[in-house]
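One line per chain: the protein sequences are A and B, in this order. Per the working numbering, residue 1 is the first one in the first sequence, and the count goes up by one each step. Per the working numbering, residue 1 is the first one in the second sequence, and the count goes up by one each step.
Everything hinted at is true.
Each computed BS3-like pair below joins lysine-lysine, with the alpha-carbon atoms no more than 25 angstroms apart:
(1) B:LYS17 with A:LYS195
(2) B:LYS76 with A:LYS37
(3) B:LYS131 with A:LYS37
(4) B:LYS28 with A:LYS234
(5) A:LYS234 with B:LYS131
(6) A:LYS234 with B:LYS4
(7) B:LYS41 with A:LYS234
(8) A:LYS195 with A:LYS234
(9) A:LYS37 with A:LYS234
(10) B:LYS4 with B:LYS17
(11) A:LYS29 with A:LYS216
(12) A:LYS169 with A:LYS216
(13) A:LYS195 with B:LYS28
From the derived model, a few chain B residues whose C-beta atoms are all more than 12 angstroms from chain A:
(14) PHE82
(15) THR101
(16) GLU149
(17) LEU196
For the record, the hints were derived by calculation from the structure and aren't laboratory data. C-beta atoms are modelled at their ideal positions from N, C-alpha and C, and glycine is treated no differently.
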Amino acid sequence: MVGGATTKELIVNGKRLDGRALDELRPIKIEASVLNKADGSAYVEWGKNKVIAGVFGPRECFPRRDVNPYRATLRCRYRMSPFATSDHGRSGPNRRSTELSKVIREAFEGVVLREQFPKTAIDVTVEVLQADGGTRCASLVAVSTALADAGIPMKDLVSAVAVGKINGKLALDLTGVEDNFGDSDIPVAITGRNKEIVLFQMDGVLLPEQISQALKMASAANEHIHALQVDALKLVYESKQAQGGARTGAASEED
Amino acid sequence: MAGKLVVPGEIIAEGSKGGVNAYSEDGKIRSEVIGIVDEQKGRVIPLNGQYIPTAGDWVIGVVQDVKYAGCGVEIKSAYRAFILNKMTRIEFKMGDVVGATIERVDEARNIDLAEPRRLVGGEILVISAVKVPRVIGRANSMINMLITETGSEILVGRNGRIWIKGGKSALAVRAILTIEREAHTQGLTDRITELLKTG
Chain A
1 MVGGATTKEL
11 IVNGKRLDGR
21 ALDELRPIKI
31 EASVLNKADG
41 SAYVEWGKNK
51 VIAGVFGPRE
61 CFPRRDVNPY
71 RATLRCRYRM
81 SPFATSDHGR
91 SGPNRRSTEL
101 SKVIREAFEG
111 VVLREQFPKT
121 AIDVTVEVLQ
131 ADGGTRCASL
141 VAVSTALADA
151 GIPMKDLVSA
161 VAVGKINGKL
171 ALDLTGVEDN
181 FGDSDIPVAI
191 TGRNKEIVLF
201 QMDGVLLPEQ
211 ISQALKMASA
221 ANEHIHALQV
231 DALKLVYESK
241 QAQGGARTGA
251 ASEED
Chain B
1 MAGKLVVPGE
11 IIAEGSKGGV
21 NAYSEDGKIR
31 SEVIGIVDEQ
41 KGRVIPLNGQ
51 YIPTAGDWVI
61 GVVQDVKYAG
71 CGVEIKSAYR
81 AFILNKMTRI
91 EFKMGDVVGA
101 TIERVDEARN
111 IDLAEPRRLV
121 GGEILVISAV
131 KVPRVIGRAN
141 SMINMLITET
151 GSEILVGRNG
161 RIWIKGGKSA
171 LAVRAILTIE
181 REAHTQGLTD
191 RITELLKTG
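Next comes chain A alone, as it looks inside the complex:
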């Protein structure tokens, strides 16, 4: 509720409604390479959120008006399934999905090394299968993992988490209920190596010092999420390695 008073008791005895502490994340599970037809893919389960991301490309860019002669065109489509929330949604693009497609695309435009593939397109699709607050952060984590899985050159992995204010206190990783009845919500996406902010949105009301405090909380949580992404990516090839002998210099035997 933007700017409105809290109408629901969200913190009981210092714990939140789902029993978490204020600076505790929901359980997160990340799996890479889940789709066969996509060049890269990832599946993220984040509390009750379920998000799947697929990446295609770099491939020939159609329509031709989208071609950029200097770098690859990044195209992103975020879609929330009609059955993702408790009330059945309408299918088709809407204001929300258009916005999220845009912010996810812009978060990765500075991270993917698009100059290496002029005139091409990289297509990213995100499907939200089940939603419970924080799907844009879950989507960013899934897309980042899927892009890396596709072998697309990028400077870094991106991880994301939301920090909000519920009952006047800052809390990490808001659920759907906390988001609806809370005072404020800030999704933050940062890069792993130098903590560069690639997405920062905010609704509600916060004091300037609360924002810097929220950023500190997000930064600490993102380190944990980044580690999960790295594990998910490495697991794909380490499990293949277990099937057939020790790992070696991959495709380098030519020379």
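Position chain B relative to chain A; hints supplied.
Same frame as chain A, now just chain B:
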């Protein structure tokens, strides 16, 4: 030989000179892709990714459009290649499978092919382009073994398309798919030798 598995952004060394699939920032070299570090050459060998056309590569393509000056060829890449009619006496038609060498790639990624030949009959196997060096092997050892053991004609395009004709082609397909699946493992040659002997 066994290198470290790295993901994008992971530090692979100190220094200021990035190698293939690695970039340098603030005195540290980081990986751009998920791959295996080759410390001797300061590069990262990718485990996945699209084919990037490079001059000198021999590739297999399909003729997609025929124009007055030549024909456009699809080479399993984001970029379309072109065969100039003055380069060849063969008249290509739509749908022809051609093998050719990439003569030149310019800054706009226009690709010219040279020495094209039509590939007639046989079958085309498609694998990931990053796995092709493993199919060829050190000094062509793997591909020579496949050819002698199966008796097939095998032509390997750098873009991940492999043309197989005659001989025990089913065995060749099975062996190549095994190589693709286990490309990043050690002792692969021994297992392929075994497969070809028993299969």
